[in-house]
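A.B. asks: On the provided structure of chain E, position chain A as indicated by the hints.
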Amino acid sequence: MLEPINVSLASLNVTTLAPMLIAIIGALTILCIDLIKGGLHKSLYVMISLLFLLVDLGVVVDFGNVFIENGPVTGMFDMMLIDGLAIMGQVIIVGGSMLFIPLALTSKRFHEYNYPEYFALFLFMIAGFQFMVATDNLILIFVGLETASLALYALIALHNRSKSFEAAVKYFTMGALAAGFFAFGSMILYAITGSIEINQIGSVLAADHYANIGYVLVAVSFMLAAFGFKLSMVPFHTWTPDVYEGSSAALAGYMSIVPKIAGFIVAMRLFEFLVHSGVVWLQVILYITVVVTMTASNIWAMVQTDVKRMLAYSSISHAGFVMAAILIGTTQANTALFLYWALFSFTNLGAFAMLWVSRQKNLLAGQSSDHPFEKFSGLIKTMPMAAIMMGLFMLSLAGIPPFGLFWGKIYIIASAVTGGYTVLALIMALNSALAAYYYLKLIVFMFMKEPVVGYEKFYLVNASLSLKTIIGIAAIGTIFAVVAVNPLLKIITLFVYNSGY
Amino acid sequence: MQEHILSILIFFPALAAMLGFIVHKDSARAYGITVAAIEFLLSLWLWNIYDPMTSGMQFMEKAPLVAAFGINYLVGIDGISLFIIVLSTFFTMIGIASLTETRRVKDLIITLLFLEMTMVGVFAALDAIVFYVFWELSLIPMLYIIGAWGGPLRIYASVKFFLYTFTGSLVMLVGMLFMAYFYYQATGQWSFSLLEWYRLILPLNFQLWLFAAFFIGFAIKVPMFPFHTWLPYAHGQAPTIGSVILAAILLKMGTYAFVRFSLPLFPDASVFFMFPIATLAIIMIVYTAMVAYAQEDIKQVVAYSSVSHMGVIVLGTFALNVEGISGSIFLMIAHGVVSGALFLLVGVIYDRRHTKLMSEFGGLASVMPRYATIFGIMMMASVGLPLTINFVGEFLSLLGFYKQSHSFTLVAGTAIIVGAIYMLSAYKKMFFGNVTKEENKNLKDVNRTELIALVPLVIITIWLGVYPKPILEPISNSVESIVQLMHDKAQTPEAQARIPNLSNPVAKNSQQETY
Chain E
1 MLEPINVSLA
11 SLNVTTLAPM
21 LIAIIGALTI
31 LCIDLIKGGL
41 HKSLYVMISL
51 LFLLVDLGVV
61 VDFGNVFIEN
71 GPVTGMFDMM
81 LIDGLAIMGQ
91 VIIVGGSMLF
101 IPLALTSKRF
111 HEYNYPEYFA
121 LFLFMIAGFQ
131 FMVATDNLIL
141 IFVGLETASL
151 ALYALIALHN
161 RSKSFEAAVK
171 YFTMGALAAG
181 FFAFGSMILY
191 AITGSIEINQ
201 IGSVLAADHY
211 ANIGYVLVAV
221 SFMLAAFGFK
231 LSMVPFHTWT
241 PDVYEGSSAA
251 LAGYMSIVPK
261 IAGFIVAMRL
271 FEFLVHSGVV
281 WLQVILYITV
291 VVTMTASNIW
301 AMVQTDVKRM
311 LAYSSISHAG
321 FVMAAILIGT
331 TQANTALFLY
341 WALFSFTNLG
351 AFAMLWVSRQ
361 KNLLAGQSSD
371 HPFEKFSGLI
381 KTMPMAAIMM
391 GLFMLSLAGI
401 PPFGLFWGKI
411 YIIASAVTGG
421 YTVLALIMAL
431 NSALAAYYYL
441 KLIVFMFMKE
451 PVVGYEKFYL
461 VNASLSLKTI
471 IGIAAIGTIF
481 AVVAVNPLLK
491 IITLFVYNSG
501 Y
Chain A
1 MQEHILSILI
11 FFPALAAMLG
21 FIVHKDSARA
31 YGITVAAIEF
41 LLSLWLWNIY
51 DPMTSGMQFM
61 EKAPLVAAFG
71 INYLVGIDGI
81 SLFIIVLSTF
91 FTMIGIASLT
101 ETRRVKDLII
111 TLLFLEMTMV
121 GVFAALDAIV
131 FYVFWELSLI
141 PMLYIIGAWG
151 GPLRIYASVK
161 FFLYTFTGSL
171 VMLVGMLFMA
181 YFYYQATGQW
191 SFSLLEWYRL
201 ILPLNFQLWL
211 FAAFFIGFAI
221 KVPMFPFHTW
231 LPYAHGQAPT
241 IGSVILAAIL
251 LKMGTYAFVR
261 FSLPLFPDAS
271 VFFMFPIATL
281 AIIMIVYTAM
291 VAYAQEDIKQ
301 VVAYSSVSHM
311 GVIVLGTFAL
321 NVEGISGSIF
331 LMIAHGVVSG
341 ALFLLVGVIY
351 DRRHTKLMSE
361 FGGLASVMPR
371 YATIFGIMMM
381 ASVGLPLTIN
391 FVGEFLSLLG
401 FYKQSHSFTL
411 VAGTAIIVGA
421 IYMLSAYKKM
431 FFGNVTKEEN
441 KNLKDVNRTE
451 LIALVPLVII
461 TIWLGVYPKP
471 ILEPISNSVE
481 SIVQLMHDKA
491 QTPEAQARIP
501 NLSNPVAKNS
511 QQETY
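Just so you know, the protein sequences line up as chains E and A, in that order. Residue numbers for the first sequence follow this note's numbering, beginning at 1 and rising by one. Residue numbers for the second sequence follow this note's numbering, beginning at 1 and rising by one.
Only chain E is shown next, with the shape it has when bound in the complex:
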């Protein structure tokens, strides 16, 4: 007969699960509503999702207050770890999702939004990402990652075009490969340290002075490959442009922000102690990955003929830029990562939303893709406000001051300077100049060329009030970022520093 397990409920600290549970309950609620009465309008589901996300955000912010007073909270046998990174990660995840989900309220009908499952999957996915960031247990990270990814594959495929199926299958295959790498990496780490918790792995490795360095390097290689896929680092980036092209513009924008911040937080947890342990090989590999990712994707972006693919490459380049913060590994660099991503999410969401409002159902004769540059030609003459908005987002992405991303950019470059990475700082700065070229290309098309006949009927065809509101919010966040930078910087530094990164 088995011994009864005695665990006091208090020691479990079940409240640490609250944010994810709220998202899951939200998803189940949507499914139940559908069971009771089908065929309801999508606006209902959007609002329910928004409502649950709002509560979710509230709980996360509440954890933030607790964190400032008492430090990190653990729960469920130390599986859950709510520290500063977890809280900020969740704020960005939930906040980004809240900006994304109203994009479903298009004025045209789209296939995927007729299914309540779309919204349920969406909330499950958020719960997955939240699990991923709120733990340093490799198994829970894996479970969170897979939950979120599987939901995301389905969301992509629901767009119901042949390219969407292709994208979903491609993403699924690559994702499965990445999951395999992740599992292998975790396995080796467990084999040499006997633990699956990142901080314990770190302390065990430090205690025996990296005696098994060969195994560590193998494990790290697997992990790098896994994150290379998830964060779309060169040379594991090949799926990104195709998947972005196949998904709806709104979902592509979402994919460039939320899954990546979750990935960055795990990467930060994992690579931070490795970078600081003086494993030179890892530093060199990371350095090369960062530089190649930034530079190569910028060059590829220049030759794209489709705006969405250009933005896909640009988001790879931004991810490389931010990965530099993990390489530098100082508190300032980690702060910069969050600052950058918070500002980036506004701008990039705005840019993709601008594509989303001009989504056309059928391609014109001779049109090769959804959003060729010619589509936006002479937009300033036909739709001045839309052109100015899109121009604004492009300038911000290019890092032109005083728009949002500039402040993130200088803070990351400054952290490279203080971290002693002079050459990297210069490379990062010059990459911004490379990037300026392709952002400028769209501006040139919009402001300096004549309109191309045939496309004008697609501009803002999807623009309902809520989409315009989202774009407005993104624009305000981009223009007035300078006001938010100081408070953001203070809070993020506090959170990052107190989490020990």
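Simulated from the structure, these hints should not be mistaken for lab results. Where hints are given, some of them may not hold.
Stated by the list, open to error - Okay, derived cross-link-like pairs now, EDC-like style, lysine to aspartate or glutamate, Cα gap no bigger than 20 Å in a straight line:
#1 E/Lys468 <-> E/Glu456
#2 E/Lys163 <-> E/Glu69
#3 A/Lys437 <-> A/Asp351
#4 A/Lys429 <-> A/Glu439
#5 E/Lys381 <-> A/Asp26
#6 A/Lys106 <-> E/Asp242
#7 E/Lys449 <-> A/Asp26
#8 E/Lys361 <-> E/Asp242
#9 E/Lys381 <-> A/Glu101
#10 E/Lys490 <-> E/Glu69
#11 A/Lys403 <-> A/Glu296
#12 E/Lys361 <-> E/Glu450
Stated by the list, open to error - Quick list of simulated restraints, FRET-style, between CB atoms:
#13 E/Val303 <-> A/His24: 40 to 50 Å
#14 E/Ile476 <-> A/Asp26: 25 to 35 Å
#15 A/Asn447 <-> E/Gly454: 35 to 45 Å
Beta carbons: idealized from backbone N, C-alpha and C, even for Gly.
C.D. replies: Relative to the frame of chain E, chain A by itself:
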């Protein structure tokens, strides 16, 4: 109001530009002229209440922007920036007043007003990041002006202009971040305030690297040889108003930044690089003068001559003494007035004939006597005839450099005189001889709108050429304090010897104390 005059000057045009979206397009021009005139009057008022006897910063304003990272909204002016600000507002006003563009005037005027904000902002900023913000922002309106209203190659020209300057300024940005980091290491606090940076004394090898980083940013803007290749395209394709603002104001940002950043921050490096830069400047004077002689397009002649004279400004700046720097700042104003006027004049003939080729003209002096007169005066000023505005600046710049090196000055001086050849030959081709083309026989002389823009420029050219004191005095007061600061910071024996000690204790510390 007096203590916020700089913020008003910076943001009034931007605010007006925003409201300008609502103004009906037929009234946009009147609106633009009104706003620019108010702005100009405000800047004149600033000049009026400016105290010419104080050498330090005046009308300073400070507000925290990103306090945790040491970025503040910090603006202030001294004798150096005051007149360039007045010049900017003046040129925006006459630029809009003399506008002959008919395509999408409203957009153009809104863009010009935004551009005005960035121009005033650059010259008033005392925080490196604020400076950088305006510096970069000034690219966008210019990009749009060249790209949307320019000639057939406008897109190539505008993108080239943007990418060149943007790349340079990114290197400069890294330099700024390093500077702030060194300040952080020295004091434990982040700061981007120029005035606080002035107190920082860096070892020579740091100075050399940082000087190089800033130099790339500034040199592309000036544009110094061999970074000048974007300018002929930009001028060649830009509409008249774009060329006028570009030549008169935007290029001055680079030379102004030399005086504001490079010299006082890195005195040893400035001395170290003095002769290499002087060599570049002389190459720039000689080479672009030769290229100008070979041009067939009158606008290109003016563009290259404008680059050539920018070389004299750089030479004067790197004389590193009061005469040289004051002279170069005076020459910045003079060059603004003269080359701005020349581009306006080219615009006048282009509006009538839609060509800029000199071979299409000839004998215009008999058809358009008033035009020929004004063009003649401006051309004489451009070649540096005594009693015109350029002469004062060029003379002082050369005098300043004469104290550092006789041979360099001799070469530069000769080059300037030789430079007269291409201007005179261009004038001869256009205005003298017989009227060979049928189309030229009935050309109308300059009309009232054009005269409104041109006559004030002629007056300024001659007035300041004869009596430069009201401008020169405040300039040299402020320059003295910079030179003294440089001397006090200089560490290498060569730098201490090259930079004169003015040993005027009042001027010496006023820069720091006013802060």
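A.B. asks: Could you run down the list of hints and mark each one as holding or not?
C.D. replies: Consistency of the hints with the structure:
In summary, the hint linking E/Lys468 to E/Glu456 is supported, as the alpha carbons are separated by about 18 Å, within the 20 Å threshold. Distance hint between E/Lys163 and E/Glu69 is unfulfilled; the C-alpha atoms sit about 50 Å from each other, more than 20 Å. A hinted pair counts as satisfied when its Cα atoms are at most 20 Å apart, and A/Lys437 with A/Asp351 qualifies at roughly 17 Å. Proposed proximity of A/Lys429 and A/Glu439 is supported: the alpha carbons are some 16 Å apart, at most 20 Å.
About 17 Å separates the Cα atoms of E/Lys381 and A/Asp26, which keeps this hinted pair within 20 Å; it holds. Restraint check for A/Lys106 and E/Asp242: not satisfied, since their Cα atoms lie roughly 42 Å apart, outside the 20 Å limit. This hinted pair does not check out: E/Lys449 and A/Asp26 have alpha carbons roughly 23 Å apart, beyond 20 Å. For the proposed pair E/Lys361 and E/Asp242, the alpha carbon gap of about 19 Å is at most 20 Å, so the pair holds.
A threshold of 20 Å between alpha carbons decides the hint, and for E/Lys381 with A/Glu101 the separation of about 17 Å falls inside it, so the pair holds. For the hint linking E/Lys490 to E/Glu69, the alpha-carbon distance of about 16 Å falls within 20 Å, and the restraint holds. The hinted pair formed by A/Lys403 and A/Glu296 fails the criterion: a straight-line CA distance of about 38 Å is larger than 20 Å. Straight-line distance between C-alpha atoms of E/Lys361 and E/Glu450 comes to about 24 Å, which puts the hinted pair past the 20 Å bound.
The hint said 40 to 50 Å for the Cβ distance between E/Val303 and A/His24, and at roughly 43 Å that hint holds. Range check, E/Ile476 to A/Asp26: Cβ separation about 32 Å, and the 25 to 35 Å hint holds. Checked against the hint of 35 to 45 Å, the pair A/Asn447 and E/Gly454 passes, with Cβ atoms roughly 43 Å apart.
The structure is inconsistent with the numbered hints 2, 6, 7, 11, 12, although it conforms to all the rest.
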